[in-house]
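Keeping their order, the protein sequence lines are chains A and B. Letter 313 of the first sequence, counting from 1, is numbered 313 in the numbering used here, and no numbers are missing. Letter 301 of the second sequence, counting from 1, is numbered 301 in the numbering used here, and no numbers are missing.
Treat the hints with care, since some could be wrong.
[As the list claims (entries may be wrong)] Here are the simulated EDC-like cross-link-like pairs (lysine to aspartate or glutamate), alpha carbons at most 16 Å apart as the crow flies:
hint	chain 1	residue 1	chain 2	residue 2
1	B	LYS210	A	GLU93
2	B	LYS69	B	GLU54
3	A	LYS210	B	GLU54
4	B	LYS6	A	GLU183
Treat the hints as calculated values from the structure; they're not laboratory data.
Residues per chain are reported as follows:
There are 2 protein chains.
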Amino acid sequence: MPELRKDPITGRWVIFSTDRASRPQSMGEGKAPESQRAEDCPFCEGNEGKTPPEIYSVREWGSATNGPKWRVRVVPNKYPALRIEGELEKRGEGIYDRMNGVGAHEVFIEGPRHLTTPAGLSPSLLLDAAAAHRERMRDLRRDRRFAYGLLFKNVGRTAGASLPHNHSQLIATPVVPVLVQHEMDGAKRFFDYRGRCLFCDMVQQEISDKERLVEAGDRFVAFVPYAARFPYETWILPRRHASHFEELEDEDLAAYAAILGSCLRRLEKALGNPPYNTMLHSGPWVGGALESYHWHLEVIPRVTTAAGFEWGSGFYINPVLPELAAVELRKVVP
Amino acid sequence: MPELRKDPITGRWVIFSTDRASRPQSMGEGKAPESQRAEDCPFCEGNEGKTPPEIYSVREWGSATNGPKWRVRVVPNKYPALRIEGELEKRGEGIYDRMNGVGAHEVFIEGPRHLTTPAGLSPSLLLDAAAAHRERMRDLRRDRRFAYGLLFKNVGRTAGASLPHNHSQLIATPVVPVLVQHEMDGAKRFFDYRGRCLFCDMVQQEISDKERLVEAGDRFVAFVPYAARFPYETWILPRRHASHFEELEDEDLAAYAAILGSCLRRLEKALGNPPYNTMLHSGPWVGGALESYHWHLEVIPRVTTAAGFEWGSGFYINPVLPELAAVELRKVVP
């Protein structure tokens, strides 16, 4: 059973998951995951037996669960960071705090074919994937043990991908992650002082400033944030205030999938298929809708190296001004 | 001039330093910095002309500044993240905040020979380096524009080193880094509640628990923290409460250099010269001594990859229990 321990100074949690050390680095030392052959890929159509049984899928009418003819499959992670069974058993050890590593760790296999860049997915597949994300978040939030669900994607080995076939992951945790809590605290302070959502104000300013804008539609906007940590970092936000991704209605979901595909194509073309991560920041599963918090997707290209200064300070050094990155991203025909 | 921008949500600062993009990656694509030849190394004795003029040095009596016969040289970083000249000129841009990228960025060249692993430095050289760190921090804190000085070391390319020759860096910033602020806030809450320094309590518990202890001397203690983010992460703390590193007296400085050398040798032997960072967390330069904060050195081996989950949540996944890492580190004869 993994164990969760809390740093008493900063309140951040660490998952001690010793099983994961034995996780096969499928690509071998120094071999990029991209080089994996499709016939060995556990995520390709026809290889369904190589994954744990599916939890959810978008598949052809009448096709058999765990057989072929699917578009999106959701399966438990074979080497989960947290375990779905058991109780938290919170307790202290002197001044320290720990609990059992209870949580969910699901993998969304996005597309039956061996595509390794998300930008290569068709618009309808991106929409199917987004619908699956929404569905699984709706389901997992009903489990009272979980306080939060973080949906993320690792693209490329440098960004932490251990398998190249397009996939996302959802980890449900028994505590709200410290970074999301910091965002919520900051946004709450702004709301208490100004009486408005900070993110809504950002959206307004970005649309009127224009210079950091990547794309603006009726329902969503994408821009390079003013204080982007990474070169070409891009955020996607709904224009209308909403704290929880999983509350998205169908029309908005389609608009979201469209702008997401477009932004990823811009990024992959502008930087030549860089390694990157996407992280969805949405409201916690404890408590209801929030006036002061606004869900958003963060896309961070991993083309710089965080060194001692960044790890020690929380400062970031970004060599590319957001306004210049936005020009380059706007230029691309997605 | 670099620019500092603040993320309005979390309060973290980003340094936009466009000059640094042109910094030569001396080792070339895919080539480890270790492979650089000593005769090309700007940090080796005899090549003093290849660095900016020295700010401070520990050198043979009577030897000429910027000439050979030194043990430690401190020079401005040739590609500084922040610039020493100018005023901050803080101002808003709509809801955002920015200021000029004013600060200091100094490099400590540790040893005249082309040694690439800190554990290879002699005890007396480690002490000379620590004395130089203390001296430069004492000097820079007198500059009223600076709120903090972060001393750090990058070892190995994966850890962000762009030159292999042993060196540390000190970046003085006009704001207290968000990670140090979070540590101070957490420690202050503990102090307000318990009336004691949290770090002093940790030291006591680690000494009595023993299982995470790496080394304990009369003046310093080294252990793997209970909630270590990284495998084999090691912290070094003074046993007696002290908030500011640069206030260290000579006898303590010698004990610090000794335990530091010993811990680095343990780490390098146990993991076979891993890439790693060291970061010194000490009290800010604004205000005086703090009852609730305790300076310490954090050593983080960079043998795991932070992926979307870690970047998006602030959770860490560590495959090695601190108690097991400590056993391995204790085994090594340093």
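Requested in this report: Decide if the proposed pair is consistent with the structure: LYS69(B) and GLU54(B), CA atoms, cutoff 16 Å inclusive.
Outcome: Roughly 13 Å between the alpha carbons, so the hint for LYS69(B) and GLU54(B) holds.
Report task. Take the C-alpha atoms of LYS210(A) and GLU54(B), compute the straight-line distance between them, and say whether it is at most 16 Å. Result -> Answer violated: LYS210(A) to GLU54(B) is near 45 Å, above 16 Å.
Query raised in the report: Does GLU93(A) lie within 16 Å of LYS210(B) when you go C-alpha to C-alpha?
Result: 14 Å, holds
Report task. Mind checking the alpha carbons of LYS6(B) and GLU183(A) for me, to see if they're no more than 16 Å apart? Result -> With Cα atoms ~13 Å apart, LYS6(B) and GLU183(A) stay inside 16 Å; holds.
Checked against the numbered hints given earlier, this structure breaks only hint 3.
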